[in-house]
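Participant: Residue-level listing of the chains:
Number of protein chains: 2
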Amino acid sequence: MTPTETLFAKWADISAVGSAAAVLSWDQETKMPRNGHASRGQALSVLAGIHHDKLTDPALAEAIESAAEAVGDDPVLAAQIREARRTVRRATAIPGDIARRIAETQSRALAIWQQARADADFNAFEPVLGEVLELTKQEAAALVDAGVANHPYDALLDAYEPGATEAELAPLFADLRDELSPLIKQVADSGVVVDESPAKGDFPEALQEEFGTMVATALGYDFDSGRLDVSTHPFTTGFGPGDVRITWRSEPDDFRSGLFGIMHEAGHAMYEQGLPAEHANTPIGQATSLGIHESQSRLWENQVGRSKEFWTWALPKFVERFPAASGVTVDAMYKAMHTVTPSFIRVEADEATYNLHIVARFDIERQITSGDVAVRDLPELWASTYQDLLGIRPESVADGVLQDIHWAMGSIGYFPTYTLGNLIAAQLFDAAGDAIDDLPGKISSGDFAPLLGWLRDNVHRHGRSLSADQIVQQATGRPLSSEPFLHHLEATTAEVYGI
Amino acid sequence: MTPTETLFAKWADISAVGSAAAVLSWDQETKMPRNGHASRGQALSVLAGIHHDKLTDPALAEAIESAAEAVGDDPVLAAQIREARRTVRRATAIPGDIARRIAETQSRALAIWQQARADADFNAFEPVLGEVLELTKQEAAALVDAGVANHPYDALLDAYEPGATEAELAPLFADLRDELSPLIKQVADSGVVVDESPAKGDFPEALQEEFGTMVATALGYDFDSGRLDVSTHPFTTGFGPGDVRITWRSEPDDFRSGLFGIMHEAGHAMYEQGLPAEHANTPIGQATSLGIHESQSRLWENQVGRSKEFWTWALPKFVERFPAASGVTVDAMYKAMHTVTPSFIRVEADEATYNLHIVARFDIERQITSGDVAVRDLPELWASTYQDLLGIRPESVADGVLQDIHWAMGSIGYFPTYTLGNLIAAQLFDAAGDAIDDLPGKISSGDFAPLLGWLRDNVHRHGRSLSADQIVQQATGRPLSSEPFLHHLEATTAEVYGI
Chain A
73 MTPTETLFAK WADISAVGSA AAVLSWDQET KMPRNGHASR GQALSVLAGI
123 HHDKLTDPAL AEAIESAAEA VGDDPVLAAQ IREARRTVRR ATAIPGDIAR
173 RIAETQSRAL AIWQQARADA DFNAFEPVLG EVLELTKQEA AALVDAGVAN
223 HPYDALLDAY EPGATEAELA PLFADLRDEL SPLIKQVADS GVVVDESPAK
273 GDFPEALQEE FGTMVATALG YDFDSGRLDV STHPFTTGFG PGDVRITWRS
323 EPDDFRSGLF GIMHEAGHAM YEQGLPAEHA NTPIGQATSL GIHESQSRLW
373 ENQVGRSKEF WTWALPKFVE RFPAASGVTV DAMYKAMHTV TPSFIRVEAD
423 EATYNLHIVA RFDIERQITS GDVAVRDLPE LWASTYQDLL GIRPESVADG
473 VLQDIHWAMG SIGYFPTYTL GNLIAAQLFD AAGDAIDDLP GKISSGDFAP
523 LLGWLRDNVH RHGRSLSADQ IVQQATGRPL SSEPFLHHLE ATTAEVYGI
Chain B
73 MTPTETLFAK WADISAVGSA AAVLSWDQET KMPRNGHASR GQALSVLAGI
123 HHDKLTDPAL AEAIESAAEA VGDDPVLAAQ IREARRTVRR ATAIPGDIAR
173 RIAETQSRAL AIWQQARADA DFNAFEPVLG EVLELTKQEA AALVDAGVAN
223 HPYDALLDAY EPGATEAELA PLFADLRDEL SPLIKQVADS GVVVDESPAK
273 GDFPEALQEE FGTMVATALG YDFDSGRLDV STHPFTTGFG PGDVRITWRS
323 EPDDFRSGLF GIMHEAGHAM YEQGLPAEHA NTPIGQATSL GIHESQSRLW
373 ENQVGRSKEF WTWALPKFVE RFPAASGVTV DAMYKAMHTV TPSFIRVEAD
423 EATYNLHIVA RFDIERQITS GDVAVRDLPE LWASTYQDLL GIRPESVADG
473 VLQDIHWAMG SIGYFPTYTL GNLIAAQLFD AAGDAIDDLP GKISSGDFAP
523 LLGWLRDNVH RHGRSLSADQ IVQQATGRPL SSEPFLHHLE ATTAEVYGI
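Chains as they are written, first to last, in my numbering: chain A, 73 to 571; chain B, 73 to 571.
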């Protein structure tokens, strides 16, 4: 074998172990019987160890460096080497004993967090959260030492959004803070109360699933390369381009959660289904960042799924399944999907307030990483940040600092990718609208193929050969900006709230 | 860590990799979308390689021998060492290049076999079957060289039925040949035609599933540690004692296939659920042999499921779901479950003729292993053996030598375990009847716990600490014999056919 073949053979093995672990995790969330947890935990832990051992095997690093000598002027191979090096560097940067302590502590923290949230008891969570955050700081320091990034927070961000930096995100997030807080106040002051009754009613799960499946198929999600199952928290997982699965959950009396959940996950899944098959199981054969990933889910959920054009097509099909909606107009449906209400829980937040939840976490995470806040002061910092940004103050830590799983898992730097996704989605959708002849008309007639095709060409097919920044620049002709998103939001709130 | 702890830690890792592979296989047969095959095949192949590498790692062999020094008079640890050595010896006996050629050839043979069976074209299958059988002979020779067994066929048998030998099986199989062929002829000569209409009708799949689930739960299959799904071929798979899953398939117009399939797989699964939890993921924490495994499935399917006592309990519940059966008596149901008809296809054979299908394969396999038959002569040998044993001669190779998957997979020596299971089931059931006060009465009232408890105590809890022979001897007070099975069969045919 040539050095390049050796590299790809080793990478394919690593990818296969990751794929196996993903199957086990999917099964755990969707099919596993109650008593399966013990053996599943052990199997996942062993696979994680094997995955890590293979990634940090010196023979892999050697294969990468040998293959690097053959790059010449082959840009694809150069990207493969760059991404292989990046992944291996992150994996090898963390000393084995810290990696094991992180895994053990996170696992313990997760169980304690679940109970503490149920009990709304921050004191119970505080000690182990302190341990997790201390280890996360050690991890960040090790990553900085290894040259992954120049600053600790950037080193953590880089795990989810390769190459992103606090310095780059801060102005985008400042825009959002400056624009969204006043917007939300304006909405409140408008006195308008949106009629949400078009979204309410009696929606049997089987009918919701049938409708959601029809919609996902129409968008372009390929059920021959995927499937839809029920889980507590909706997610997408891919085991290769031919097997990308989505999950959902439904509410019996409000169809929005189920339908937009399916459209969101289908967006994620179409990205994975559209990754370059010829590079499957290679370093560049994967999503380039979580921000780009989230842009795909948000675009289909928000830019498409909440649009008048979409409902022009979808409403008659909706009424076929749910005849009680026969008197609802597209305008009424549109309004019911664009309410703006400050709330405590991020995952239930509307399109306008959502990013302020992220701005809050971004602020707090930077203070955590820099050591400017003590763990015991986090509940108060959380509450005052919400008061400041959203004008509401959680009474209970269950509605505040304990609501998210991320910090218990040591995932500092993950939250910003949600907002990046929202911003990128709006900017990509604008560019697609410029590139596609009469995109609104096409969506109104249920012809989603041109939009998916544009995303395939401009985003999906690049895999990780381009960075998130490069994809945004190439696809939209300019760097990422908050302007398209804010413009989208101003247009909807103007129409819905008359402001 | 002590040497013993090291051994168990290594074994737990190996077991976890095997468990992960089993989850992937289950998913492949029950949930995987059509286009998932490529990445799944790769993931399974990588896991198989890791499993093999870990089993043949010299450090494991060293850990076993170090732990062996600590055995003293601890019989459990002695059994652990014995079974660890046995497993490692088999894995290391096959040279790596032969193991890889076997895997590659079997994978190719499987695809060719599927097409050849569909086309009823033995010529298409003959070359690759020749390769598989040649490699299997090389494997057997390597196993004999490694001291696994004294004779090639025994070395192959040992993979499925540890310690079993051709010399031990031959007289049991001769009994069956001598008794069953005349019995079947007597049935044919009796001129009696059994009324199978009680088993026929209109049985919607959902109702069959609900009834089968109720029955499996009543028998003692724990759905908190398992689940039931649909697959093309029913099977049981365990990922640990807390997660043992079964599958089934149904026929819309004959409930027997679905119900007895579920009872059969539930029998397998209750064995796995009853394995000693304290020895999970250790060498003795698994089923001791496929013969014992099959005895558990057959006992619940045939000794229980086809009995008048079972139907005394089950028939009213059956009629609740399927009111068209309201006029059917227990006797009529019993007769419909004990028809005897020579047929070509093993998996569709009745209780009486089934073992002759196995006797035929046992005869042919021994001739294959000894080199007494050429691959091209197998179709004719098959046909003449069926003529001899069952009095029927397949016209098509699809109904003959091409019907089973086993030889394409190099699984020579697997078939005898089916018959061993039938014989052991009958002998265990007799012993359980002696040990349990009024077992027929208990079954008639749906109280299956005493029987399951007896099997837990006498079979399941031993895991692999006892061999199949030891389990039979201890549980029944005598070595395995064909007599209980033949007695059971004579009793049913006497009642159904008046002979």
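Heads up, some of the hints might be wrong.
In silico BS3-like cross-links for lysine-lysine, where the CA-CA straight-line distance does not exceed 30 Å [to be verified]: (1) A:Lys-103 with B:Lys-82; (2) B:Lys-389 with B:Lys-514; (3) A:Lys-272 with A:Lys-82; (4) A:Lys-103 with B:Lys-514.
Just so you know, the hints here were simulated from the structure itself, not pulled from any lab data.
Participant: All hints, please: hold or fail.
Facilitator: Against the structure, the hints come out as follows:
no. : hint                     : result
1   : A:Lys-103 with B:Lys-82  : holds, 28 Å
2   : B:Lys-389 with B:Lys-514 : holds, 17 Å
3   : A:Lys-272 with A:Lys-82  : violated, 52 Å
4   : A:Lys-103 with B:Lys-514 : violated, 34 Å
The structure fails hints 3, 4 (numbered hints given earlier, in ascending order).
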